[in-house]
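**Q** One-letter residues, chain by chain:
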Amino acid sequence: MLATVSCDTAGTTQEEIYKEELSEAGEEAETELLDIMPFNGRRFIYRNSLEVEYKEESSNDNNKNTSKYYPQIIGLINKDVEKRVNESIASYVDVLYGEAEAFIPSGDIITRANLSVSTNIAYSCNNVIFIQYYSGASYDTDREPDSNMHAGAERAEGFDLNTGNKLELKDLFIKGTDYENIINNHIIMDIIKYNYDDPDSMYMNKPFQGIKENQNFSFDENYLTIIMDESNDEFNTYENSIMITIPLREIGDKLAIFDRYFDEDINIFENKRVKFLMPNYMYYKKNDGIFDVGENYRIYIEEGKFLNSDNAEAENILEPMISHNMDVEGFKERADLFNKSYPGEHYGEIYHSADIMIQSGGYLSMIVYSAIEENEIVTGEQRYINFNLNNNKIMTLKDIFTDGYDYKNEIIKILKENDKYNYNYYLYNSSIVEEGMVLLEDKFYFGNNYVYIDLYQPGQENPDFFIWIEFEDIGYENLAIYQ
Amino acid sequence: MIISNFNKKLLLIALSALILSSCTKTSPSFTKDSYPRVDGSTATIPLSENLATNLLFMSPEEAKNFIKHNTTHNAYENLIDGKVDIIFVTEPSAEEMSMAEARGIEFEVVPIVKEAFVFLVNKDNPVTNISAEDIRAIYQGRINNWKDLGGPDKEIIAYQRPENSGSQTIMQSQVMKGLQMADAPSELRPMAMGGLVDVIASYDNSDRAIGYSVYYYANSMYSKNTIKFINVDGVEPSNENISSGKYPFTSAYYAVIKKSEPENSNARKLLSFILSEEGQALAEKSGYVPIGR
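Line by line, the protein sequences give chains U and C.
Take 0 as the starting number for the first sequence in numbering that gives the first Met the number 0 and just add one per residue.
Take 0 as the starting number for the second sequence in numbering that gives the first Met the number 0 and just add one per residue.
In case anyone wonders, no lab produced these hints; they're calculated from the structure.
Among the clues, some could well be false.
With a cut-off of at most 16 angstroms between alpha-carbon atoms, the simulated EDC-like pairs for lysine to aspartate or glutamate come out as follows [as the list claims (entries may be wrong)]:
1. U:Lys-67 - U:Asp-79
2. U:Lys-331 - U:Glu-372
3. U:Lys-285 - C:Glu-186
4. C:Lys-67 - U:Glu-238
5. U:Lys-304 - C:Asp-80
6. U:Lys-67 - U:Glu-100
7. U:Lys-271 - U:Glu-471
8. U:Lys-192 - C:Glu-186
9. C:Lys-223 - U:Glu-179
10. C:Lys-67 - U:Glu-233
11. C:Lys-63 - U:Glu-233
12. U:Lys-392 - U:Glu-312
13. C:Lys-63 - U:Glu-229
14. C:Lys-176 - C:Glu-132
15. U:Lys-284 - C:Glu-186
16. C:Lys-258 - C:Glu-105
17. U:Lys-67 - U:Asp-93
18. C:Lys-153 - C:Asp-206
19. U:Lys-192 - C:Asp-197
20. U:Lys-192 - C:Asp-203
21. C:Lys-67 - U:Asp-232
22. U:Lys-284 - C:Asp-197
23. C:Lys-258 - C:Glu-132
24. U:Lys-192 - C:Glu-162
25. C:Lys-257 - C:Glu-132
26. C:Lys-268 - C:Glu-105
27. U:Lys-285 - C:Asp-197
28. C:Lys-153 - C:Asp-123
29. U:Lys-211 - U:Asp-228
30. C:Lys-63 - U:Asp-232
31. C:Lys-258 - C:Glu-107
Assemble the whole structure, with the sequences as input and the hints as a guide.
**A** Quick look at the structure:
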């Protein structure tokens with residue numbers, strides 16, 4: 000069972016103290032006092048309340064196309080830190096642009112050149128931000144007009160938004176953690192997994208020797224990503240860097256990044272922070288199935304299981320709901336019999352899939368679809384599974400919202416007042432008929448930022464009408480899943 | 000200082016020996032232009048680069064740009080087409096031999112460093128030794144529980160490598176020697192666009208797993224804290240046992256040239272250097288196992 004402790008509960012469950020001897024001269028030992036929440040109990044973190052303005056600089060001059068695209072953050076209370084981070088981002092974009100430009104040879108006549116640096120905000124939570132940079136260059140020359148010589152690189156930088164300081168790998172971990180060993184062991188297993196250590200590997204030039212001192216890396220709420228670049232000369236990174244992702248679940252309680260730079264009582268932003276649901280520690284993974292193509296039939300059945308589970312109660316409830324219950328052998332027998340009478344003619348298909356909409360914050364929302372087609376007759380069903388792992392209860396639509404929030408009327412109001420939902424258009428062309436319309440409590444699904452509901456219209460030819468509503472429009476204060 | 004006649008003679012002999020040894024030193028003299036055109040397997044890139052660094056007095060960075068290996072099969076093709084002079088590869092396959100024969104070319108295949116095929120288990124697996132015959136039986140599916148090897152009562156998951164990969168080819172030719180391997184464990188991985196794709200499952204270092212790799216990579220790279228190598232027929236895969244041939248699954252990387260390569264050609268000079276004491280010391284320093292100590 001997941002721990003029910005949340006970030007904003009006083010007296011957090013775990014305290015980590017690390018003492019480090021600084022020198023034999025007897026200097027005062029360095030200590031760090033951190034309240035670390037257990038990884039498997041962390042339901043959410045806080046999205047940094049920043050606006051992002053993207054700067055775009057591009058040119059097209061004498062067969063040379065260039066572009067730079069990078070973010071500038073707005074919204075820190077400390078404007079000096081904000082300026083420092085923004086200058087650092089812009090400056091690094093220039094550095095990467097310079098590296099890309101150096102790839103273009105100076106002696107030849109260049110008939111075409113493209114240079115670009117683009118960016119992506121990989122993570123922006125709990126007072127930390129990670130920017131990913133992608134630089135690339137390509138060119139043709141008069142001697143080789145279609146050569147399309149090209150090279151690219153990925154980089155990333157993380158910033159502590161309290162100070163504007165850049166983060167190093169060690170800053171992600173509790174002090175004293177042998178993080179290099181953790182990372183190197185995972186990288187080696189990935190090398191085996193992807194067969195990079197093949198004698199004829201296209202990806203490696205020599206055996207991996209371990210991460211470097213200033214190892215390039217990125218971070219988000221799911222993974223620590225190690226970016227192998229030209230300094231990792233064991234890897235062939237000429238055209239692209241090689242990314243190796245380490246699920247945070249593997250690192251677990253050795254992570255300090257969610258707590259080291261964050262104080263719930265101190266908001267460093269001009270605007271209020273919003274919670275962000277963290278991926279569940281216990282999670283469903285599709286890893287098996289029945290896939291069979293016969294002479295006159297096709298079977299596609301996805302299967303999976305829950306991993307990292309210490310919640311047998313939840314598994315016992317969910318597994319029958321997620322699993323298929325189709326008679327596969329019976330179907331195959333009938334198909335075989337049909338084939339004897341009608342050789343070469345298509346008999347049918349069985350299909351079963353389970354798609355995850357969200358498994359974060361202690362919640363699970365899935366759509367399970369099963370269908371069987373035999374002799375052109377199709378029978379199928381779609382099940383909506385919404386489950387609260389925090390109390391092991393099946394959720395209905397009302398459980399998404401806080402008590403007292405009149406979601407039935409408020410949702411319709413939001414749909415009518417916001418043009419982006421086209422609700423009024425659907426009303427106008429009778430796709431939606433409001434008379435008798437109900438919001439079905441068991442026919443919905445949700446993600447990190449939205450909920451899809453069924454505006455059910457009994458008596459209509461097509462009574463189901465699914466429409467999505469963003470949580471931002473509902474207001475996070477009205478959402479129970481964000482409390 | 001007075002040196003006795005006897006000591007003078009000794010000094011003379013020593014000096015002569017020193018002069019002689021430096022005169023007969025085996026390092027050939029190359030320039031970038033006269034250096035033979037080289038190609039090979041990925042696994043021999045470090046050897047190739049270190050040869051260039053040493054013989055052409057290049058920096059490692061220069062050598063990295065100078066040496067280009069195009070993988071084993073492409074290297075054989077380039078040798079046959081006359082695009083390169085010498086390649087550092089695994090031994091030629093039947094297909095590569097046929098290609099050469101069709102063009103009237105004979106290969107000269109010379110082992111230059113030893114290689115071995117090793118079997119991996121979790122370091123906490125109590126099994127430390129498996130006979131070669133039992134390894135084949137595992138991969139045929141005839142032995143499928145660790146208890147049959149003196150280990151715990153657990154299913155053996157015998158992981159393989161992708162079909163047509165270098166490691167899988169070595170496994171089939173050198174270990175299984177024509178015996179049919181059982182179907183590899185497979186797993187479903189999500190595809191980028193949704194759905195699942197069936198792939199060969201990769202070694203996961205669980206307590207039931209056995210896998211394999213080439214010694215050159217495995218010995219340099221795999222963490223001894225988590226993975227251990229199985230002894231085969233009681234012999235540990237070590238540099239010494241591989242070099243001597245005592246370890247059963249020993250092979251080599253080879254220098255391959257055309258038999259018609261002239262006697263004093265630069266390719267033959269390079270090959271001679273590799274086989275010399277100095278060349279073998281360089282190979283060992285590059286992480287390879289020298290040929291027959």
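**Q** Now look at each hint and say whether the structure bears it out.
**A** Here is what the structure says about each hint:
1. Between the alpha carbons of Lys-67 of chain U and Asp-79 of chain U the distance comes to roughly 24 angstroms, so the proposed pair goes past 16 angstroms and is violated.
2. Among the hinted pairs, Lys-331 of chain U with Glu-372 of chain U is consistent with the structure: their alpha-carbon atoms are about 12 angstroms apart, no more than 16 angstroms.
3. Pair hint Lys-285 of chain U plus Glu-186 of chain C holds up; C-alpha atoms about 10 angstroms apart against a cutoff of 16 angstroms.
4. Of the supplied pair hints, the one linking Lys-67 of chain C and Glu-238 of chain U holds, its CA atoms being roughly 15 angstroms apart against a limit of 16 angstroms.
5. Pair hint Lys-304 of chain U plus Asp-80 of chain C does not hold up; C-alpha atoms about 53 angstroms apart against a cutoff of 16 angstroms.
6. Simply put, Lys-67 of chain U and Glu-100 of chain U have alpha-carbon atoms about 12 angstroms apart, close enough for the 16 angstroms limit, and the pair holds.
7. Among the hinted pairs, Lys-271 of chain U with Glu-471 of chain U is consistent with the structure: their alpha-carbon atoms are about 13 angstroms apart, no more than 16 angstroms.
8. Proximity of Lys-192 of chain U to Glu-186 of chain C is assessed by CA-CA distance (about 12 angstroms); at most 16 angstroms being required, the pair is judged to hold.
9. With a C-alpha separation of about 15 angstroms, the suggested pairing of Lys-223 of chain C with Glu-179 of chain U holds against the 16 angstroms cut-off.
10. The straight-line distance between the Cα atoms of Lys-67 of chain C and Glu-233 of chain U is roughly 14 angstroms, inside the 16 angstroms bound, and the hint therefore holds.
11. With a CA separation close to 11 angstroms, the supplied pair Lys-63 of chain C and Glu-233 of chain U stays within the 16 angstroms bound.
12. Between the alpha carbons of Lys-392 of chain U and Glu-312 of chain U the distance comes to roughly 10 angstroms, so the proposed pair stays at or under 16 angstroms and holds.
13. Pair hint Lys-63 of chain C plus Glu-229 of chain U holds up; C-alpha atoms about 12 angstroms apart against a cutoff of 16 angstroms.
14. For the proposed pair Lys-176 of chain C and Glu-132 of chain C, the alpha carbon gap of about 11 angstroms is at most 16 angstroms, so the pair holds.
15. Distance restraint check for Lys-284 of chain U and Glu-186 of chain C: the Cα-Cα separation of roughly 12 angstroms lies within the 16 angstroms cut-off, and the hinted pair is therefore satisfied.
16. Between Lys-258 of chain C and Glu-105 of chain C, the direct Cα distance comes to roughly 6 angstroms. Compliance with the 16 angstroms bound is thereby established for this hinted pair.
17. A C-alpha spacing of about 9 angstroms is found between Lys-67 of chain U and Asp-93 of chain U, which places the hinted pair at or below 16 angstroms, so the restraint holds.
18. Annotation: proposed proximity of Lys-153 of chain C to Asp-206 of chain C holds, straight-line Cα distance about 8 angstroms (limit 16 angstroms).
19. The hinted pair formed by Lys-192 of chain U and Asp-197 of chain C meets the criterion: a straight-line CA distance of about 14 angstroms does not exceed 16 angstroms.
20. Note on Lys-192 of chain U and Asp-203 of chain C: the hinted pairing holds, with a Cα-Cα distance of about 8 angstroms set against a maximum of 16 angstroms.
21. For the hint linking Lys-67 of chain C to Asp-232 of chain U, the alpha-carbon distance of about 14 angstroms falls within 16 angstroms, and the restraint holds.
22. Distance check on the hinted pair: Lys-284 of chain U and Asp-197 of chain C sit about 15 angstroms apart at the alpha-carbon level, within 16 angstroms; holds.
23. Of the pairs offered as hints, the one joining Lys-258 of chain C and Glu-132 of chain C is violated, with about 37 angstroms between alpha carbons and a cut-off of 16 angstroms exceeded.
24. About 14 angstroms separates the Cα atoms of Lys-192 of chain U and Glu-162 of chain C, which keeps this hinted pair within 16 angstroms; it holds.
25. Distance hint between Lys-257 of chain C and Glu-132 of chain C is unfulfilled; the C-alpha atoms sit about 37 angstroms from each other, more than 16 angstroms.
26. Between the alpha carbons of Lys-268 of chain C and Glu-105 of chain C the distance comes to roughly 19 angstroms, so the proposed pair goes past 16 angstroms and is violated.
27. With a C-alpha separation of about 12 angstroms, the suggested pair Lys-285 of chain U and Asp-197 of chain C falls inside the 16 angstroms cut-off, and the hint holds.
28. A distance of roughly 14 angstroms separates the Cα atoms of Lys-153 of chain C and Asp-123 of chain C; the hinted pair therefore holds under the 16 angstroms criterion.
29. Of the supplied pair hints, the one linking Lys-211 of chain U and Asp-228 of chain U holds, its CA atoms being roughly 10 angstroms apart against a limit of 16 angstroms.
30. Between Lys-63 of chain C and Asp-232 of chain U the alpha-carbon distance is near 9 angstroms, which keeps this suggested pair within the 16 angstroms criterion.
31. Distance restraint check for Lys-258 of chain C and Glu-107 of chain C: the Cα-Cα separation of roughly 5 angstroms lies within the 16 angstroms cut-off, and the hinted pair is therefore satisfied.
Of the numbered hints stated above, those contradicted by the structure are hints 1, 5, 23, 25 and 26, listed in ascending order.
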